[in-house]
Amino acid sequence: MKGSPNVIITCKIPKELVEAIDRFVEEGVFSSRSEAIRYAIGELVSKGPGGVEVRRWRGGGGKKA
Numbered sequence: 001m002k003g004s005p006n007v008i009i010t011c012k013i014p015k016e017l018v019e020a021i022d023r024f025v026e027e028g029v030f031s032s033r034s035e036a037i038r039y040a041i042g043e044l045v046s047k048g049p050g051g052v053e054v055r056r057w058r059g060g061g062g063k064k065a
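Position 35 of the sequence shown, counted from 1, bears residue number 35 in the UniProt record's numbering, the numbering being contiguous throughout.
Think of the hints as simulated: they come from the structure by calculation, not from any bench.
Honestly, I wouldn't trust all of these hints.
Below, simulated SDA-like cross-link-like pairs (lysine to any residue); rule was C-alpha separation at most 25 angstroms, straight line [claimed, not checked]:
#, residue 1, residue 2
1, Lys47, Ala20
2, Lys2, Lys47
3, Lys15, Ala40
4, Lys2, Gly51
5, Lys47, Val29
6, Lys12, Glu53
7, Lys2, Ile41
8, Lys47, Val18
9, Lys47, Leu17
10, Lys15, Glu26
11, Lys47, Ser34
12, Lys2, Ser46
13, Lys47, Val7
14, Lys12, Lys47
15, Lys15, Glu53
16, Lys2, Ala36
17, Lys47, Ser32
18, Lys12, Ser31
19, Lys47, Ser4
20, Lys2, Val25
21, Lys47, Ile37
22, Lys15, Arg55
23, Lys12, Ile41
24, Lys2, Tyr39
25, Lys47, Ser31
26, Lys2, Ser34
27, Lys2, Ile37
28, Lys2, Val45
29, Lys12, Gly28
30, Lys12, Gly48
With the hints as constraints, model all of the structure from the sequences given.
Put into structure tokens, the structure is as follows:
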């Protein structure tokens with residue numbers, strides 16, 4: 001997907017996840033929140049539907065999808 005044009009999307013993310021992403025950025029693992037989120041989504045998509053256990057986030061808890 002390198003070289004592909006980026007598309008801006010808007011989504012709501014639980015505060016706890018944003019704080020975790022911010023820690024990755026502060027530690028230099030990623031250069032920005034956007035980079036961290038692109039990486040995470042890329043990992044999820046590359047594994048396909050059978051490669052991960054997907055949970056829906058509702059107020060920080062999870063329900064199997």
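Here's how the hints hold up against the structure:
no. : hint          : result
1   : Lys47 / Ala20 : holds, 22 angstroms
2   : Lys2 / Lys47  : holds, 18 angstroms
3   : Lys15 / Ala40 : holds, 17 angstroms
4   : Lys2 / Gly51  : holds, 22 angstroms
5   : Lys47 / Val29 : holds, 21 angstroms
6   : Lys12 / Glu53 : holds, 21 angstroms
7   : Lys2 / Ile41  : holds, 14 angstroms
8   : Lys47 / Val18 : holds, 23 angstroms
9   : Lys47 / Leu17 : holds, 21 angstroms
10  : Lys15 / Glu26 : holds, 16 angstroms
11  : Lys47 / Ser34 : holds, 20 angstroms
12  : Lys2 / Ser46  : holds, 14 angstroms
13  : Lys47 / Val7  : holds, 21 angstroms
14  : Lys12 / Lys47 : holds, 23 angstroms
15  : Lys15 / Glu53 : holds, 22 angstroms
16  : Lys2 / Ala36  : holds, 15 angstroms
17  : Lys47 / Ser32 : holds, 23 angstroms
18  : Lys12 / Ser31 : holds, 21 angstroms
19  : Lys47 / Ser4  : holds, 20 angstroms
20  : Lys2 / Val25  : holds, 21 angstroms
21  : Lys47 / Ile37 : holds, 16 angstroms
22  : Lys15 / Arg55 : holds, 17 angstroms
23  : Lys12 / Ile41 : holds, 15 angstroms
24  : Lys2 / Tyr39  : holds, 12 angstroms
25  : Lys47 / Ser31 : holds, 24 angstroms
26  : Lys2 / Ser34  : holds, 15 angstroms
27  : Lys2 / Ile37  : holds, 15 angstroms
28  : Lys2 / Val45  : holds, 15 angstroms
29  : Lys12 / Gly28 : holds, 24 angstroms
30  : Lys12 / Gly48 : holds, 23 angstroms
Against the hints set out earlier in the document, no violation occurs for any number.
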